[in-house]
Amino acid sequence: MEKKKLSLIAFSGDYDKLTAVFTLATGAAAVGYEVNIFFTFWGLDAIKQKRGRAFIGSNWLTKLFGFMMGGLSVTPNSRFNFLGIGPKIFRYLMRKNNVATLEELVEAAGALGVNMYACEMAMHVLGIKKSDFIHEVQDVLGVATFLNISEGGQTLFI
Amino acid sequence: MTHTLDITKEHCPMTFVKTKLKLAQIAEGDILEVLLAEGEPLENVPRSATEQGFNVLSIEHVEGTTHKVTIQK
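Those sequence lines, one after another, are chains W and V.
For the first sequence, the working numbering begins at 12 and goes up steadily by one.
For the second sequence, the working numbering begins at 33 and goes up steadily by one.
Hints listed in this document are in silico derivations from the structure and should not be mistaken for laboratory results.
These numbers were taken from a predicted model, which means no experiment stands behind them.
Any given hint might turn out to be false.
Derived list of chain W stretches under chain V, where covered just means 3 residues or more per stretch with a C-beta under 8 Å from a C-beta of chain V [to be verified]:
id, segment
1, 36-44
2, 103-117
Simulated crosslink set (DMTMM-like; lysine to aspartate or glutamate; CA at most 20 Å straight-line) [said to hold, decoys possible]:
id, chain 1, residue 1, chain 2, residue 2
3, W, K99, W, E118
4, V, K50, W, E115
5, W, K14, V, E83
6, V, K54, V, E42
7, V, K41, V, E65
8, V, K54, W, E118
9, V, K50, W, E118
10, W, K107, V, E42
11, W, K16, W, E147
12, V, K54, W, E115
13, W, K28, W, E118
14, W, K15, V, E83
15, W, K61, W, E115
16, W, K14, W, E162
17, V, K50, V, D62
18, V, K41, W, E114
19, W, K28, W, E114
20, V, K50, W, E45
21, V, K105, V, E60
22, V, K54, W, E45
23, W, K15, W, E162
24, V, K105, V, D62
25, W, K107, W, E147
26, V, K100, V, E72
27, W, K141, W, E118
28, V, K54, V, E65
29, V, K50, W, E114
30, W, K107, V, D38
31, W, K16, V, E83
32, V, K100, V, E83
33, V, K50, V, E83
34, V, K41, V, D62
35, W, K107, W, D27
36, V, K100, V, E42
37, V, K100, V, E65
38, V, K50, V, E65
39, V, K105, V, E65
40, V, K41, W, E115
All C-beta atoms in this analysis are idealised placements derived from N, C-alpha and C, irrespective of residue type, glycine included.
For reference, chain W alone in the conformation it holds in the complex:
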């Protein structure tokens, strides 16, 4: 039997939406699915090596953008962000209730062999290099390759 497949397009850089991406990815991988995540635009924040704010970019404008976007630890909530306090409250509530935080889910995704890909075009626009990402990001892709990889499975855009 062919392996079941789930492909996710991680467009959002919001803490809560990325939590949904990594919850689905790790859950599916753990029950035997092949899982692919294609990170694009704001979603690229989730896979940066530098999880705080850093001047990542190819010129002053993209570096400023990179600093404002930040990495995984400074991703904002889509609602109830309260100037960055919202995600901290969520992390607290999740730990208190023994639910995995976003950082733990990202680590689990790596351990489970979830395939992570970065969008070539968005990287070019934002001046981000493959070496700026965590080593789990195996390749830099375009639409055609992603469609090829995700063919025959379920695909979600988050």
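Place chain V on chain W using the hints.
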């Protein structure tokens, strides 16, 4: 060899994640006893283990809402 894993306090998706990672660690032929809560983990951990080609030897009620699923790799 028999290994044990307690996921009674875990929630989705870590119930599956921890079981899968533990099954990946142990040797072929080894036994894994998973303690889990009823509901989603009890319904789906044995099912997904079977689907992935592992052998679910038994499912026993331990106490309260806790069950023990014995899986052979």
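To see whether the hints hold, each was checked on the structure:
no., hint, in the structure
1, 36-44, "holds (count 6)"
2, 103-117, "holds (count 6)"
3, W:K99 - W:E118, "holds, 19 Å"
4, V:K50 - W:E115, "holds, 12 Å"
5, W:K14 - V:E83, "holds, 10 Å"
6, V:K54 - V:E42, "holds, 14 Å"
7, V:K41 - V:E65, "holds, 15 Å"
8, V:K54 - W:E118, "holds, 15 Å"
9, V:K50 - W:E118, "holds, 12 Å"
10, W:K107 - V:E42, "holds, 12 Å"
11, W:K16 - W:E147, "holds, 19 Å"
12, V:K54 - W:E115, "holds, 16 Å"
13, W:K28 - W:E118, "holds, 17 Å"
14, W:K15 - V:E83, "holds, 11 Å"
15, W:K61 - W:E115, "holds, 16 Å"
16, W:K14 - W:E162, "holds, 12 Å"
17, V:K50 - V:D62, "holds, 16 Å"
18, V:K41 - W:E114, "holds, 19 Å"
19, W:K28 - W:E114, "holds, 13 Å"
20, V:K50 - W:E45, "holds, 17 Å"
21, V:K105 - V:E60, "holds, 5 Å"
22, V:K54 - W:E45, "holds, 18 Å"
23, W:K15 - W:E162, "holds, 11 Å"
24, V:K105 - V:D62, "holds, 6 Å"
25, W:K107 - W:E147, "violated, 29 Å"
26, V:K100 - V:E72, "holds, 14 Å"
27, W:K141 - W:E118, "holds, 19 Å"
28, V:K54 - V:E65, "holds, 10 Å"
29, V:K50 - W:E114, "holds, 15 Å"
30, W:K107 - V:D38, "holds, 18 Å"
31, W:K16 - V:E83, "holds, 14 Å"
32, V:K100 - V:E83, "holds, 19 Å"
33, V:K50 - V:E83, "holds, 17 Å"
34, V:K41 - V:D62, "violated, 24 Å"
35, W:K107 - W:D27, "holds, 17 Å"
36, V:K100 - V:E42, "holds, 15 Å"
37, V:K100 - V:E65, "holds, 6 Å"
38, V:K50 - V:E65, "holds, 12 Å"
39, V:K105 - V:E65, "holds, 11 Å"
40, V:K41 - W:E115, "holds, 16 Å"
Hint compliance for this structure: hints 25, 34 are not met, and every other hint is.
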